[in-house]
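Turn these sequences into a full structure, and let the hints guide you.
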Amino acid sequence: MATRNTQAGSVVLEALIGILIFSMGILAIVGLLAASTKSAGDAKYRLDASQLANQLVGQMLGSINRSSPSAQQLVALQNGFGSPSGPAYVAWLGNVTAALPGASAVQPTVVINATASSSANAPSSQATITISWNAPNEAPGAHSYTTIAQIR
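Each residue of the sequence shown is one higher than the one before, counting from 131 in the numbering used here.
FYI, nobody ran anything at the bench for these hints, they're computed from the structure.
One should not assume that every hint holds.
Pairs of lysine to aspartate or glutamate residues, derived as DMTMM-like cross-links and limited to a Cα-Cα distance of at most 20 Å, are as follows [claimed, not checked]:
id	residue 1	residue 2
1	Lys168	Glu268
2	Lys168	Asp178
3	Lys174	Glu268
As structure tokens, then:
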């Protein structure tokens, strides 16, 4: 009579368990890669929103007529940049919708207010710019960037 080996098939079982553990590790690495790719995309959109907001602040600073009274400067800023029908705002809005996905769903806001100034010769306004966007398959306005700038 032949004796039966009680460990028959254990090598195959060990190999299958090893393949399973290896496969789980590969899937975890693929998941990490997908998460890092999404984070890199989010960072790019935040950078684009920051650059667009800073571009508008630069345009505001360049448009100020320093020889006019502060009330006129404030009105000019509000009409040109703070109003959705302002020419500078409309041109800038085209750049925003071209650069950020879903930015047209929630229109960017530009709020310009007068602020107290330490000098009568240096009028000051505060501009608050908020830009919202969403990646595909996200709710409108899922991400936003807000900046506040002093315009003198």
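Indices of hints not satisfied (ascending):
none
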